[in-house]
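So the sequence lines, in the order shown, correspond to chains A and B. Per the working numbering, the very first residue in the first sequence carries number 1; after that it's consecutive. Per the working numbering, the very first residue in the second sequence carries number 1; after that it's consecutive.
In case anyone wonders, no lab produced these hints; they're calculated from the structure. Be aware that one or more of the hints could be misleading.
Each computed DMTMM-like pair below joins lysine to aspartate or glutamate, with the alpha-carbon atoms no more than 20 Å apart [what the hints assert, rightly or not]:
{"id": "1", "chain 1": "A", "residue 1": "K29", "chain 2": "B", "residue 2": "D56"}
{"id": "2", "chain 1": "A", "residue 1": "K55", "chain 2": "B", "residue 2": "E36"}
{"id": "3", "chain 1": "A", "residue 1": "K18", "chain 2": "B", "residue 2": "E36"}
{"id": "4", "chain 1": "B", "residue 1": "K18", "chain 2": "A", "residue 2": "E32"}
Keep in mind that this is a model prediction, so the values were computed, not measured.
Protein chains: 2
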Amino acid sequence: MFSAEIIAIGSELLTPTKTDTNSLWLTGKLNEIGIEVKLKTVVGDDETRLEETIKDALRRSDIVIATGGLGPTEDDITRKVSARAVNRELVFREDVLREVAKRFEQIKREMPEINRRQAFVIEGAEVLPNPNGSAAGMSVETDGKFFIILPGPPRENKPMFENFILPKLRERAGEIFVKRRILRVAGMGESAVDELIAPIYLQYENPQTTILFNRSEIEINLTAQDKSEKQADELLEEVATKIAAALGSGVFAINGETMEEVVGNLLLQTGKTLSLAESCTGGLIAERLTEISGSSGYFIEGVVAYANQAKIRTLNVPAELIEKYGAVSKEVAEAMATGMRERSGTDYAVSITGIAGPNGGTAEKPVGLVFIGLSDGTETKSIKINLPGDRYLIRWRASQAALDFLRRTILKKQN
Amino acid sequence: MFSAEIIAIGSELLTPTKTDTNSLWLTGKLNEIGIEVKLKTVVGDDETRLEETIKDALRRSDIVIATGGLGPTEDDITRKVSARAVNRELVFREDVLREVAKRFEQIKREMPEINRRQAFVIEGAEVLPNPNGSAAGMSVETDGKFFIILPGPPRENKPMFENFILPKLRERAGEIFVKRRILRVAGMGESAVDELIAPIYLQYENPQTTILFNRSEIEINLTAQDKSEKQADELLEEVATKIAAALGSGVFAINGETMEEVVGNLLLQTGKTLSLAESCTGGLIAERLTEISGSSGYFIEGVVAYANQAKIRTLNVPAELIEKYGAVSKEVAEAMATGMRERSGTDYAVSITGIAGPNGGTAEKPVGLVFIGLSDGTETKSIKINLPGDRYLIRWRASQAALDFLRRTILKKQN
């Protein structure tokens, strides 16, 4: 399997606001033909560091792709430094100059003198035409390695890479197909998941398994490669099935779906409707559900009952209940769910009340304490959880726990 | 001036979908104290490449910051490889283990055996406590260079960097103060803003001005540097004041505040309360407002009236109005606002109804058509807007426009 490195060149990519996105697209294209990106570098117009970066990359990896720094100005150092890194001269090419000049004719502007610089190319390089800009790309073979230099703007480097580089790499890489699959787990920690599934994934070198922790869930990434797409898919299916079985109902997605998609699909499949009564999450659960196009098929109504008066007036929570147990309590959570279901007439109503912090916590009811209620017309039940994190995370995790509670309830009814 | 390099560690950062964002925030913080980032690397769980990267960085630059790969699993190689790169041993620290164990107690989970790995630290390193996770950070001084190792999640590495690293670096970096200020503009395009303010900012080399377009607003970034913090602040104040005057009420933030903060502050200052009736934004406006701690001081209640029945039943919108004009109409938007204000008794009620897409648009009422209503007890008014973008962007921009409508209304009443 070929290894690749990507070098993004440009001082603007070393500021706090700009990020290199070319490498994401290039990585996708390389992965598809079974080439793995092993390292990415961002370097500015610093000649020493750039030269060292190119040399190191060509020593370590089979394919090196550099993007950017091919403009006509003084700080565009890619041509000069790349030539030095591969120990070759820059040569002036009359035919490349004609292409640059043609480009200026097209946009009806006179070619400034400094654009002559763009007609210098590395000795022996294949020149890659650029129909969308004045900077030509280059492809150099050196000591069995491929060194590819592309302009920075995506609309210039994408067609160049697809038309001139990809076919060549595909030919060399041979018939390898790489496929990815993501499983998602709720309500378990990273290490607990790892303990359960390590005995499975350690048996396989292919697919490769990576475990990540997100805001409120564990993500299991599987990457398989094989000579056909079908075989790669079969490998993924085999391991995904085993992992899902080991984790049981903790797995909520076996194909990269989000929690709101999974819950939405379950509601659609079972033909059920939902309403929400939110306090501490302030509309976040409704917002997540309605981010999905088509959610009007099952989501009917939500109430953000932030003030106690709103809980009493719109959700019919008895004032005495709030007085006796407090707004953050099992009793109020359940009354909110019942009241919401009665108002909306939906099959399910989910409620949530808690302390998102940073203020408002007490010894008895600390920040992170959350009650989730669920009413389905037959019964109203609730769970109590304690969530770690700051306000943002507590709200996010509370929304995830509420959706997961609903998911598990629907699944139980199906069985 | 000190030079820095940032190394992001994690195979997931070499996939087509994930990008390293930690380095942007770190760059901002380093720039503020006059430290320039000269190179960034992303490397996976490849021991050879990672070791080489760390060694190269420490040879070239004064400060090297590595993020990620400090988890408890087999593929978290940062501890091991970093120790090797600086030629030191990993040592087991009982006190660090106690912190890891404490973390699990807090979240009421049993500590799995593999988390013991997180108690190994590089010999002679300063250990950086992590109140938000189980991975401790490390700071190592080697041959006059600073090598800092931080966990990957922003919520863990940000406080660690700000509390333990930044003060130390600031002391070494000496007396250069770089300060930033962000102004935010709603309801104007990038070129319109530039035309109005270019005559101002072109007069100044310091502060530097950058204009960026975000999801729904123009951001004007000012960066000033001077020998004292006070002088840098004065420079910023001078230019910010001139720019704000040129843009008038279009500027909603002169100090980086978000729209929800600005609106929340206006409500607090004027002692007014708010309720919301959302359709197409599905709870997003309520979610944004309640993300702010203390929002219960002005936000009372929200209704996500997604189905027409919810608009009729909970907001008292006459069914005939929906039938005659459609749910996405000026008439229904205004009835929603009036109904919501009557239900909640708040000073203001804001409503929103629109077509977020991708489906549901017609020639007459295309995707992106949004009506925003506002009732203040004396009158109910509305605006109609057409928003470009996908479902996500339309919803976001609609929420921003609704908050901006409220902001302008409150400001007008003040004058």
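The hints, checked one at a time:
1. A:K29 with B:D56: violated, 29 Å
2. A:K55 with B:E36: Not OK: A:K55 and B:E36 at ~23 Å, beyond 20 Å, violated.
3. A:K18 with B:E36: The hint holds at about 15 Å.
4. B:K18 with A:E32: Measuring from Cα to Cα gives roughly 16 Å; hence the hint holds.
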